[in-house]
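Undergrad: What follows is the residue order along each chain.
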Amino acid sequence: MPFYAAAFLLAAAAVTPSKPVDFDREIRPILSDHCFACHGPDDGNRKAGIRFDQKEAVIGKTIIPGDPAKSRLFVRMSHEKAGMRMPPANFPRQPNAQQIETVKKWIEQGAEWKTHWAYQPPKPQTPPATASKWVRNGIDNFVLARLEKENLKPSPEAPKTTLLRRLSLDLTGLPPTAAEIKAFLADKSPNAYEKQVDRLLASPHYGERMAMQWLDLARYADTHGYHIDSHRDMWPWRDWVIRAFNNNMSYDRFTIEQLAGDLLPNPTKDQLIATGFNRNHMINYEGGAIPEEYLVEYVADRVDTTSNVWMAMTMGCARCHDHKYDPIKQADFYKFFAFFNTVAEKGLDGTMGNAAPMMQLPDDTQKKQLDEVNAAIARREAQLAPAKVDELYNAWEAKLPPPDLAGPESLRKNLQFHYDFEGNLLDTSGRYRHAKAVSGDPAFNTSGVGRGIDFDGSTVLVSTGPAEVAAPFTLAFWLRFNQQKETTVMRRGTQFEVWYEKPVVFSRHRRFATLHIDIGANRYQSKEMLPFGEMKHVAIVSANDASLKLYVAGVEMPLERIGPASPVSRLQSIEPLEISPITKRARFKGQIDDLRLYSRVITNDEVYQLAIHQQEPPVLAIPKAKRSKAQNDYLREYFLTQFAPTELKEANADLKRLKERKGDLEDQIPSTMVMQEAEKPRETFILARGDYRNATQKVEPQVPGVLPPLPTGAKANRLALAKWLTDSNHPLTARVAVNRFWQMYFGLGIVKTSEDFGSQGEPPSHPEMLDWLAVNFVKSGWDVKALQRLIVTSATYRQSSKVTPQLLEADPQNRLLARMSRFRLSAEVLRDNALAISGLLNGEVGGRSVYPYQPAGLWEELAYGDRFTAQTYTPSTGKDLYRRSMYWFWKRTVPPATLATFDAPDREKCTSRRAVTNTPLQALILLNDPTYIEAARALATNAINASPDAAKRVSAAFLAATGREPSAQESKILRDLAARELDTYSKDQKAAEAFLAIGESKYDSKKLKPAELAAWTTVASAILNMDEVVTKE
Amino acid sequence: MTHSTRRHFFGKSASGIGVAALASLFQKDGHAAPALEGLPHFAPKAKRVIFLHQSGGPSQMDLFDYKPKLQSLKGSELPDSIRMGQRITGMTSGQSSLPVAASVFKFEKRGQTGSWMSELVPWQGKIADDMCLIRSVHTDAINHDPAITFIQSGSQQPGRPSLGSWVSYGLGSENQNMPAFVVLLSQQHSLNVDQPLFSRLWGSGFLPSNHQGVRFRGGSEPVLYLEDPAGLNKSSRRNILDAVGALNKMHQQDFGDPEIATRIEQYEMAYRMQTSVPDLMDLSKEPESTFELYGPEARKPGSYAANCLLARRLAERNVRFIQLYHRGWDQHNDLPRDLALQCKGTDQPSAALVMDLKQRGLLDETLVVWGGEFGRTVYCQGKLTDTNYGRDHHPRNFAMWMAGGGIKPGAQIGATDDYSYNITEDPVHVHDIQATILHCLGIDHKRLTFKFQGRHFRLTDVHGELVKKALA
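Heads up: the sequence lines are chains A and B, in that order. Everything in the first sequence is counted per my numbering, starting at 497 for the first residue and increasing by one. Everything in the second sequence is counted per my numbering, starting at 29 for the first residue and increasing by one.
Chain A on its own, in the form it takes in the complex (with noise of 0.2 Å):
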């Protein structure tokens, strides 16, 4: 297999005597990797006193530098016998010759020790002098000097077309306009790609591009992720990172109002924002969970988060133990978490959206509305001074007969059936007509009228007997719906149904459908909606075939009529209501109670009695000294709908509407989870093996040890931390930094392993380099745009990525930068890229998250059911379909699945680095996806705009794809695909339009024959499909 043979060379080529073995690459490694687990840091865990992983431990004890044999280390790495070799047998990881071989060499060199690289300061640097013109900047020193060390050479620059492609999509996640392309293309001026990435860095989707990563590293999502995952609004932070990075805010700031905003003084709204870094960790509130449980788990997220974030560090192997690798002690650990353990938050929380603390941004409108409805609220609630109410209510109850213990005798005349649902189907009118259940097991449970009767979908009720549902009659019962599709409630017959619209999404927690009523060939519709998942009476009252009234909560409901009246004929068959009954509509889920038809009409106070019955015995009979509060609020709210005088009926009405308003405002008026001290911060212990049970000894807050310590005298808080994050002499925050922007660019780190800086993390490509880039950041104020400016002009950057033999065999994973690095658009980059191809692009920047296409049931499937938010997916319309990928709505247990497909992580956890993987899943998607098509087919009709030539069609769609003209081969191949397929839909139409209505936007079917655009969108699809188009070249 060549690939290792030529790996092996490399690593072989490190240790011929002539070069010196060097201890950071190449010993500490070894030693990190085969001993540190029984000999490292770990002071709990260390076998026979021995340790490896310091100097003074070391040198001169188990090593002697200059005489291996005298060097029980190497003595015992190489020992013949199996049962004295070290690391022993049954060490999972057991060392090669070749690395014992490189120990004995650092022995015989002189075993010069360092201490861990990452843990110094970065040193300034001088790039290698060189007489090479190649050089661009400092960056291009250190690569070329590196190559020439190896024998090899950097590759040529790449064309212009490939350029500006890989130069927009690296700073904007977008690819170039054809007119962009133009215009570079004719400028000839030295400065002329200079121009381009001033241009592209001001453009408003730099920032955008910028967060995307910070968004792994942040662990963002629109959910909380564990069990239930509801709904959560991060989005403002989302926005807030946006906007840092358009406007270049330094990164020093850009820590501290992320870490600690809320400590500033006086901090502004946009500082509270950011501290939303660390409240996007995952919330829980599972029933029976236990709440100081995942008070630890929130705390220990931050504190993993945090130091991987801003120092490449893993502190969360320290939380149950010392660390194995690193110089990381358990109690460093919990005097980290101290830091963040001081949030005025609860261990369960976020049932109904976003968990305290949090903050409310409305904008100004809705901070003038909402100031509107409160004073009218205030108004309304002191004409209704509760003195006054009860005054006139007691004059009206003095008034009142006694109470009739039975309720109205009334109520059980002309009663057809009464199915009161406690326990059972039995009729209680005294007629036996019993309700059965055809299919389903019937279950009962609290309703809030006693017991009700749960629907699940399953469950279909028939009345026995005839139900009598022409003039006069009365069908009154209790109706929670909790089904989100149209939906059946009941039925007889053909004659009659009772079903509701989709039910409408108002805010997050208020959803409405309009109910239906069909009777003969009348049909009505209630002219206000019922509100989703609450329990309201319902009663339907027809006093002849001309008169349907609707009764809901007691009160009438005006209904609509759809289409014309006719006479209800009184139909001789004997036909049962069915309950939840199988219709074309969706079954019906949620709760029915007290159901009872009347051969008559009732009255509308008799309607009420119903609808207030809730209480058994009727609350009026309960002696007044003993009624309970809620048993006298009902009272009250009994007399002022029913009974008081007009003006104070019609201000409790108001009074009501005003509240929903206000109830609706809010849910409008966005909030952003926060970072804020509680009042009485909690002390934090350090907590054996990890275990919230097991809090053992207390700790302050503090810095690692192997760090330089807080600044003396400063409150040890986040502001104190920030700040010490950010200062010029701290070993990791820039170099972490640098080498993920990096990252971005070439795919790989100059540290490999950006989120590991350890002992157990690769050793920098070029150390030199990572350093002179660290320094000069800090130097520079931290200038975010200034770095990545530098590394994009430098001439490194601006190589071919072409591939040869010879570099692929000497280099395969680019270490060296001889070329530049060719890799597959990220996920979201990816669906960007087709829809800017394609003109469908939403460009709009920021706001609440979207629902682009995706199939039917990938949540609803996995999810709890429909008590809470974000368990069913509903997909965006219009323009929001063509929003940027960023601002798809991630729900963490079921993450949009074709961005996972293409290697997304779903955001549990912080994320530095994602995989590519190259599977045929992802061919699936980008072959039949709508996203895809629909795309292809805006595609296709651009090209077909563009020109009546075939070719100059191939053209205009490949330039728009790939940036560049097609080769004379490419675009035989794409022609004779149009002209085969365009033969193919011409002789079928109707599969030209079923392929062309794929997708929510529609095509100019008067300009466009269905057959050649058809034939063009095969064509276009096929561009898209291509390696060059979803890779960044």
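By construction, these hints were calculated from the structure, which means they are not laboratory data. All values derive from a computational prediction rather than experimental measurement. Each hint should be verified, as a subset may be incorrect.
Claimed, not checked - Restricting the straight-line Cα-Cα distance to at most 30 Å, the calculated cross-link-like pairs of lysine-lysine (DSSO-like) are:
| no. | chain 1 | residue 1 | chain 2 | residue 2 |
| --- | --- | --- | --- | --- |
| 1 | A | 543 | B | 496 |
| 2 | A | 932 | B | 154 |
| 3 | A | 765 | A | 863 |
| 4 | B | 328 | A | 998 |
| 5 | B | 474 | A | 825 |
| 6 | B | 262 | A | 932 |
| 7 | A | 932 | B | 328 |
| 8 | B | 277 | A | 1498 |
| 9 | B | 411 | A | 1125 |
| 10 | B | 496 | A | 1448 |
| 11 | B | 277 | A | 1468 |
| 12 | A | 981 | B | 328 |
As the list claims (entries may be wrong) - Just a few of them, taken from the derived set where beta-carbon distance is under 7 Å, the chain A residues facing chain B:
| no. | residue |
| --- | --- |
| 13 | 939 |
| 14 | 952 |
| 15 | 956 |
| 16 | 1337 |
| 17 | 1341 |
| 18 | 1357 |
| 19 | 1359 |
| 20 | 1466 |
Ideal Cβ placement from N, Cα and C applies to all residues, glycine included.
Let chain A serve as the given structure and place chain B on it in line with the hints.
TA: Just chain B, lined up with the frame of chain A:
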């Protein structure tokens, strides 16, 4: 070649470049994806796993852990000497009393082995002599999210690779036209609303994402966008693929990037999957006897019975890891009704799968695992009556069974006290189950590792002992 060198290359896939280049090198021998170098560590007994996960926590003392003494203890308070300070969930911690609820179901001895099983699982009784029944499994978690994440990934907190993805990573795939790790979901038979599932349960964590489980859904499109778009016929599809292939080939000649060759290969595999997957899902050629064995529900796409049948068909196609999830085992209330409904829907197909594999000679090379994420409490949640009770989550002991490749048939492992509250014999931790599953596949769980954030992570964390008594 050493293991570490091999890992060095696999590490690449997580770093952004070249995994496919590598994969293409390994495809010469006709494998869709190769095994890791050095794997299997020893001769495997099983080639593949079918994991029948029963989500929610099946009640062990109503199914497999017979406790006759509870009849006389019915309604009495759970003694502190038994509870021993065990933490209980927020759902019952507020109850003033923890009364013992005896099972309402009858038990009898099944098979030559004489294994006590309840009347709810008559079919599983028929395979008593094929399975190894473990009554002493215990877990660390007490709520669904952490417990199910734990049994599927070895960690209560999200972020680790799932069991199936570890196996896919370690052993690769033996079928060029199917993913190595397939997931099938079915909905509950009980009436109460059940628990949610999470795609992390079949996620790849920090392993390369091509090892994540691929969900095969019931209905017309089992795999995401498997079907050609409406109005595009098969020959047009082929024409598009040929054009893409030709263009990519030219580009590869120009650019020399082996990744392009891999992409060409992946497109061909996608095309083959458009035939192989519908062929897998098409049950029309199954004889009547199949549906007699699995039950009539097996004709209903997406049902547990249909998924058990699909599991057999996937096993026939050499899919490495077949993961089923069936929801609806969370009987906090109305247990007698809901547990009976659950069993009515799952008992026959679970047993039928084992019988079917056996009659086809596949059981010897297929490991079947049945079980949930924890057990249920002996004390009643809610109101205890003669005919009705509910049970809360119980992590200290629950029952699972395994059958097939590498497993001792008819074995019974472990015992619990009279309350089915504490293990008295042979405790088996979730990590032990995981270690044993890997062992049957020829994998030493301590040596299947992946380096991430500086640590050599493994499925069993730093724990896990083989359940030797379970091994054939």
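Undergrad: Would you mind marking each hint as holding or not holding in the structure?
TA: Evaluation of the provided hints:
no.: 1; hint: A:543 / B:496; verdict: holds, 29 Å
no.: 2; hint: A:932 / B:154; verdict: violated, 36 Å
no.: 3; hint: A:765 / A:863; verdict: holds, 15 Å
no.: 4; hint: B:328 / A:998; verdict: holds, 27 Å
no.: 5; hint: B:474 / A:825; verdict: holds, 25 Å
no.: 6; hint: B:262 / A:932; verdict: violated, 51 Å
no.: 7; hint: A:932 / B:328; verdict: holds, 26 Å
no.: 8; hint: B:277 / A:1498; verdict: violated, 34 Å
no.: 9; hint: B:411 / A:1125; verdict: holds, 28 Å
no.: 10; hint: B:496 / A:1448; verdict: violated, 71 Å
no.: 11; hint: B:277 / A:1468; verdict: holds, 15 Å
no.: 12; hint: A:981 / B:328; verdict: holds, 23 Å
no.: 13; hint: 939; verdict: holds, 5 Å
no.: 14; hint: 952; verdict: holds, 6 Å
no.: 15; hint: 956; verdict: violated, 14 Å
no.: 16; hint: 1337; verdict: violated, 21 Å
no.: 17; hint: 1341; verdict: violated, 27 Å
no.: 18; hint: 1357; verdict: holds, 6 Å
no.: 19; hint: 1359; verdict: holds, 6 Å
no.: 20; hint: 1466; verdict: holds, 6 Å
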